[in-house]
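Protein chains in written order, with the working numbering: chain A, 1 to 540; chain B, 1 to 270; chain C, 1 to 313.
These are computed hints drawn from the structure, not numbers from a lab. In this text, all values refer to a predicted model and were calculated from it rather than measured experimentally. Every residue gets a Cβ at the ideal spot worked out from N, C-alpha and C, and that includes glycine. Be aware that one or more of the hints could be misleading.
Unchecked claim - Far from chain B, by Cβ distances over 10 Å, these chain C residues were calculated:
| hint | residue |
| --- | --- |
| 1 | Thr60 |
| 2 | Pro62 |
| 3 | Thr85 |
| 4 | Ser111 |
| 5 | Gly171 |
Stated by the list, open to error - Simulated pairs of lysine to any residue, SDA-like, Cα-Cα distance not exceeding 20 Å:
| hint | chain 1 | residue 1 | chain 2 | residue 2 |
| --- | --- | --- | --- | --- |
| 6 | A | Lys406 | B | Asn182 |
| 7 | B | Lys169 | A | Gly381 |
| 8 | B | Lys169 | A | Arg366 |
| 9 | A | Lys347 | B | Leu173 |
| 10 | B | Lys169 | A | Arg342 |
| 11 | B | Lys169 | A | Ala340 |
As the list claims (entries may be wrong) - What the simulated footprint calls covered on chain B by chain C, stretch by stretch (three residues with Cβ under 8 Å from a Cβ of chain C suffice, anywhere in the stretch; the number is not a length):
| hint | region |
| --- | --- |
| 12 | 106–119 |
| 13 | 201–211 |
| 14 | 228–235 |
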Amino acid sequence: MILTQDLSVTIGQVPVLSAVDLRLDPGTITGLVGESGSGKSMTALAIIGLLPRHAAASGRIMLDGQNLLTMPETRLCDIRGRRIGMIFQEPMTALNPLMTIGDQVAEVLRVHHGMDRKAALSRARARLDRVGLPDPRFPLSLYPHELSGGQRQRVAIALAIAERPDLLIADEPTTALDVTTQAQILDLLAGLVRDEGMALLLITHDLAVVAGIADRVAVMKSGRIVEEAPTERLFRTQDHPYTRRLFAASLHVPARREHEHARSGTTPLLQLRNAVREYRLPQGGRLRAVDDVSLTIRPGESVGLVGESGCGKSTLTRAILGLDPLLGGSIELDGMRVTAGRNMPPKLRARMQVVFQDPFGSFDPRWRIDRLIAEPFHLTGRPPDWRDQVAGALEEVGLDASDARKYIHEFSGGQRQRIAIARALIIRPRLIVLDEAVSALDVRVRAQVLDLLADLRRSHDMAYLFISHDLSVVRGITERVLVMQNGRIVEDGRAEQVIDAPRHACTQSLVAAMPRIPQAWTARPVPCPGPDISHAGRGA
Amino acid sequence: MRPGLLVGCLLAGVALAAAALSLVWTPYDITQLAIAEKLHGPSVAHPFGTDHFGRDMLSMAMLGARVSIAVALVAVGIGMGAGVPLGLLAAANRGGWLDEVIMRGNDLIFAFPSLVIAILITAVFGPSAVNAIIAIGIFNIPVFARVTRGGALPIWTLDYIRAAEVSGKGGTLISLQHILPNIANLLIVQGTIQFSLGILAEAGLSYVGLGAQPPTPSWGRMLAEAQTMVTLAPHVAVIPGLCIVLTVLGLNLLGDGLRDALDPRLRVLR
Amino acid sequence: MLRYVFRRTISLGLSLLVASAVVFAVVELVPGDPASFMLGTGAQPETVAALREQLGLDQTLPVRYAAWAAALLQGDFGQSFTYKTPIAGMILDRMQVSLPLAMMALLLAASIAFPVGIYAAARRGRIGDAAVMGGTQLGIALPNFWFAMLLVLLFAITLRWLPAGGFPGWGQPGPAIKALILPAVALALPQAAILARVLRSALIDTQGQDYIRTARAKGLTAGQTLLRHALRNALIPVLTIMGMQFSFLLAGAIIIENVFYLPGLGRLIFQAISQRDLIVVQSAVLVLVAAVIAVNFLVDLAYAAIDPRLRRR
Numbered sequence: 001m002i003l004t005q006d007l008s009v010t011i012g013q014v015p016v017l018s019a020v021d022l023r024l025d026p027g028t029i030t031g032l033v034g035e036s037g038s039g040k041s042m043t044a045l046a047i048i049g050l051l052p053r054h055a056a057a058s059g060r061i062m063l064d065g066q067n068l069l070t071m072p073e074t075r076l077c078d079i080r081g082r083r084i085g086m087i088f089q090e091p092m093t094a095l096n097p098l099m100t101i102g103d104q105v106a107e108v109l110r111v112h113h114g115m116d117r118k119a120a121l122s123r124a125r126a127r128l129d130r131v132g133l134p135d136p137r138f139p140l141s142l143y144p145h146e147l148s149g150g151q152r153q154r155v156a157i158a159l160a161i162a163e164r165p166d167l168l169i170a171d172e173p174t175t176a177l178d179v180t181t182q183a184q185i186l187d188l189l190a191g192l193v194r195d196e197g198m199a200l201l202l203i204t205h206d207l208a209v210v211a212g213i214a215d216r217v218a219v220m221k222s223g224r225i226v227e228e229a230p231t232e233r234l235f236r237t238q239d240h241p242y243t244r245r246l247f248a249a250s251l252h253v254p255a256r257r258e259h260e261h262a263r264s265g266t267t268p269l270l271q272l273r274n275a276v277r278e279y280r281l282p283q284g285g286r287l288r289a290v291d292d293v294s295l296t297i298r299p300g301e302s303v304g305l306v307g308e309s310g311c312g313k314s315t316l317t318r319a320i321l322g323l324d325p326l327l328g329g330s331i332e333l334d335g336m337r338v339t340a341g342r343n344m345p346p347k348l349r350a351r352m353q354v355v356f357q358d359p360f361g362s363f364d365p366r367w368r369i370d371r372l373i374a375e376p377f378h379l380t381g382r383p384p385d386w387r388d389q390v391a392g393a394l395e396e397v398g399l400d401a402s403d404a405r406k407y408i409h410e411f412s413g414g415q416r417q418r419i420a421i422a423r424a425l426i427i428r429p430r431l432i433v434l435d436e437a438v439s440a441l442d443v444r445v446r447a448q449v450l451d452l453l454a455d456l457r458r459s460h461d462m463a464y465l466f467i468s469h470d471l472s473v474v475r476g477i478t479e480r481v482l483v484m485q486n487g488r489i490v491e492d493g494r495a496e497q498v499i500d501a502p503r504h505a506c507t508q509s510l511v512a513a514m515p516r517i518p519q520a521w522t523a524r525p526v527p528c529p530g531p532d533i534s535h536a537g538r539g540a
Numbered sequence: 001m002r003p004g005l006l007v008g009c010l011l012a013g014v015a016l017a018a019a020a021l022s023l024v025w026t027p028y029d030i031t032q033l034a035i036a037e038k039l040h041g042p043s044v045a046h047p048f049g050t051d052h053f054g055r056d057m058l059s060m061a062m063l064g065a066r067v068s069i070a071v072a073l074v075a076v077g078i079g080m081g082a083g084v085p086l087g088l089l090a091a092a093n094r095g096g097w098l099d100e101v102i103m104r105g106n107d108l109i110f111a112f113p114s115l116v117i118a119i120l121i122t123a124v125f126g127p128s129a130v131n132a133i134i135a136i137g138i139f140n141i142p143v144f145a146r147v148t149r150g151g152a153l154p155i156w157t158l159d160y161i162r163a164a165e166v167s168g169k170g171g172t173l174i175s176l177q178h179i180l181p182n183i184a185n186l187l188i189v190q191g192t193i194q195f196s197l198g199i200l201a202e203a204g205l206s207y208v209g210l211g212a213q214p215p216t217p218s219w220g221r222m223l224a225e226a227q228t229m230v231t232l233a234p235h236v237a238v239i240p241g242l243c244i245v246l247t248v249l250g251l252n253l254l255g256d257g258l259r260d261a262l263d264p265r266l267r268v269l270r
Numbered sequence: 001m002l003r004y005v006f007r008r009t010i011s012l013g014l015s016l017l018v019a020s021a022v023v024f025a026v027v028e029l030v031p032g033d034p035a036s037f038m039l040g041t042g043a044q045p046e047t048v049a050a051l052r053e054q055l056g057l058d059q060t061l062p063v064r065y066a067a068w069a070a071a072l073l074q075g076d077f078g079q080s081f082t083y084k085t086p087i088a089g090m091i092l093d094r095m096q097v098s099l100p101l102a103m104m105a106l107l108l109a110a111s112i113a114f115p116v117g118i119y120a121a122a123r124r125g126r127i128g129d130a131a132v133m134g135g136t137q138l139g140i141a142l143p144n145f146w147f148a149m150l151l152v153l154l155f156a157i158t159l160r161w162l163p164a165g166g167f168p169g170w171g172q173p174g175p176a177i178k179a180l181i182l183p184a185v186a187l188a189l190p191q192a193a194i195l196a197r198v199l200r201s202a203l204i205d206t207q208g209q210d211y212i213r214t215a216r217a218k219g220l221t222a223g224q225t226l227l228r229h230a231l232r233n234a235l236i237p238v239l240t241i242m243g244m245q246f247s248f249l250l251a252g253a254i255i256i257e258n259v260f261y262l263p264g265l266g267r268l269i270f271q272a273i274s275q276r277d278l279i280v281v282q283s284a285v286l287v288l289v290a291a292v293i294a295v296n297f298l299v300d301l302a303y304a305a306i307d308p309r310l311r312r313r
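Based on the provided sequences and hints, a complete structural model is requested.
Right, dumping it as structure tokens:
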């Protein structure tokens, strides 16, 4: 059993953890949830003794009655990997690209037992089998680049559990993975805890993930644990106000407008007919990333496009935005043909704008906000009152007109997404493509941005194409959902219908893999309507 | 301010100031020979001593700074002037045939040992400071092209470039408005490094007689002339060498200091 | 893997082809024509005409290039204008000095740079790192020919430990190696400084990678992580620099050979320049360029040996 008692960490003068008490029992899964910057990862690094060099820890981390914080580095090395294992968020970079997976797993055994390579490799074989990378298909001689993200995460798990540690720390182990892969990895972790009796500290920002798997949950905010209880009790009672806010935000659905389908008869705003796009693969051959896709978006409609990574949705998006040419088929916006690059008339381009996922890469760090927001005026010519329009756009997205002279680094992630929306809005487009626009945001900020988007659509009568890997986000903001797989649209229907009664196998597995909080647990908090309620409201 | 940056500024500043001053004033007129005064060690009248013709070494060193700095500076100008646009062009057409042609051309020039080609050029066209500039400058082009492209490529993947494209901007406009300002730091730092390498290269060429020609003094030639007199009067060999070392050291410290001050993650070619 | 080697080989061939064309073309750009350039201004018209014929200047440029390149492929570099002897033999003689010198210098540079770079990366941000990095700054700023003069002053003239110059030939291996020690040190030290800095920053880069954190979480000590995981990954940029350095070393050797009066390729080139023996200059330069291209080819192969991701392409 591992205990942290009064664990505090400071970096310089700044406290990042304050008085953290955690009890990690064998065979139990403890979920540690909180927003980014709350100190979740720092807790994990403190326990495994890998804090950044300038961080100072106080309090106690007890393992077998010994305090890890006062232990010399050489003894800590003996504990890491043997008594405590850890896996990280990013499976693509977590493995040494120059070493075979067999050697990487075997290295743990060799370091701790001085085992010879052959014996260690045969043990490594067994561990890889255990994590679902069985022998003939996954030989020890594979290199990480020959595996997918989910498979790499399995290798990372294999090397973390190679020594059957007492505690496995998993820091956002599934955040970088697709939902179906996420479900498999979570199953694997739960199975390992059950079979091998280790303790699991599961760090995540996603309440639904811990709801499905954790025995106990601790909620963290600003370096403190504000609430800790058995999972179901915590979800049902939500004693701490912060816990309540977090729950409400994660279930938040923006208010819908009344006559969503009123204009179903009007001419389409965006129409794709049999669109095809291919890539040349580095190994030779071609990949048909968009395969005979047809779709329509009517004026003022909000449409979701959902699929796992590599399904072709990004490629399709680039083609719709007129950035890449099609190999076959056509895209029409307002009845005019969308073509890539310079051939597309600015007037047509001006009817369409985009908001991207990454709040940090979406803005030139050397430009001021007013210039950034005014950039789309390149399409229409900059009006003399452009400064007033920029100020207006800033106010519309909930920022201040005086922000116009600032640089982007002065804003938080959520504010940056608002600025991105202001930039998309400034030339009054008829369609905004929202490319994973809220995926990088914390739940509470995400809820606010979704509300803003819903309001703006109502006031400006715009259509949205909302691209996401996350069905639960799409459900709140769109009326119609398209599901994409292997370059094809496999399902197209009303959002509720697609999510509650999926028809295609791909959609069914997406929906099944979607982590959710059991409805019974969340019945109490009134402000967030459950799926049933919203469904009933729609029928009226 | 970091100590490295400070020392770098100081050393490079002294060299630049000495070169600038030599345009209007030197302690002695070096066209006047004074054989009687030859190979004197450092003294109050001649702080750096005199050479084998009795000329004042301080005045020689100041004039030498002028040649070295002028050659290196113009060579950096040539490298930047041609290399940066090529790099921007290659990055804007990343993956295309133009990118391929530019980068293969670059690789080819890189594959040539620069000094050897400089020697070939000066051998064919005759030794002179201008030919030295051209020879050094040509080899700066691929360096700047590579650094520019290397700095531009990650920026091209960022979403703000997508946003600019959605706003109807083409490759040229994006390169000028978004890419260039964001790699300016990188270019300044690389420029400092190439400047210092240029001074070393010029010294090497002059030393073997392929740089500035007599009577123009240059640090490299002063060293060549000193070689036979090292045992008699070590100062004639030590002083021009120290001038080179300190100037180059100053520029390198300046470059590293600037990089750390501007952005420690900058990718610079050495 | 085979595909990768094949593509590299094709590109090696192309580089050599273009390089030979460039070297050939530069000589063609000589003011006047090569014959009158080589004979100087005072030459008799008949002599010029005779040389023109010997060089085949009456033929068109592509024809001459083709003939020249075809001869080169058979190891025929033509005859020296000054000495009237086959150039191939002269170059071969001189290579026996230049190549061992460059190799010695590269080995020396690497054996200094690796411990220094690893030490500095391991002590990053501390006194040891700062001191070592300060030293490398000085090393980079040293012009190797000046450093050579200082070495001669100290070790040859004052201490009399090593010869100040000249080369006795490989018939006496002991003295021959002794004669190359100072030149090799003079060449190697500035390059060692550059290499150490590159290695340090490459190591520091790789130490920030996620897989290093994974290795630490496995229970490896900081030192084990550095040597087993970071070093191999850092080797890729280091190899690139070493490939480029070979080119610097060969070129630097040209100047250093002059300081030490070594009968290498560099001295040959300078003698040929002063004698206006363009054919020798051209051939010797081409050999140097080809050596550099060949080394870069080997570096490319080494990448593939280190990095499994390259082998697939």
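How the hints compare with the structure:
1. Thr60: holds, 21 Å
2. Pro62: holds, 20 Å
3. Thr85: It holds; threonine 85 of chain C is separated from chain B by about 20 Å at its closest Cβ, greater than 10 Å.
4. Ser111: holds, 19 Å
5. Gly171: Holds, because the least Cβ-Cβ distance between glycine 171 of chain C and chain B comes to about 28 Å, which exceeds 10 Å.
6. A/Lys406 <-> B/Asn182: At roughly 17 Å apart (the allowed maximum being 20 Å), asparagine 182 of chain B and lysine 406 of chain A satisfy the hint.
7. B/Lys169 <-> A/Gly381: holds, 12 Å
8. B/Lys169 <-> A/Arg366: With a Cα-Cα distance of about 18 Å, the restraint between lysine 169 of chain B and arginine 366 of chain A holds, given a limit of 20 Å.
9. A/Lys347 <-> B/Leu173: Given pair lysine 347 of chain A, leucine 173 of chain B holds - Cα atoms ~18 Å apart, limit 20 Å.
10. B/Lys169 <-> A/Arg342: Between lysine 169 of chain B and arginine 342 of chain A the Cα gap is close to 9 Å, so the pair holds against 20 Å.
11. B/Lys169 <-> A/Ala340: Roughly 12 Å separates the two Cα atoms, so the pair holds.
12. 106–119: Our answer is that it holds, as 11 residues pass the Cβ test (under 8 Å) against chain C, meeting three.
13. 201–211: holds (count 4)
14. 228–235: holds (count 3)
Against the hints set out earlier in the document, no violation occurs for any number.
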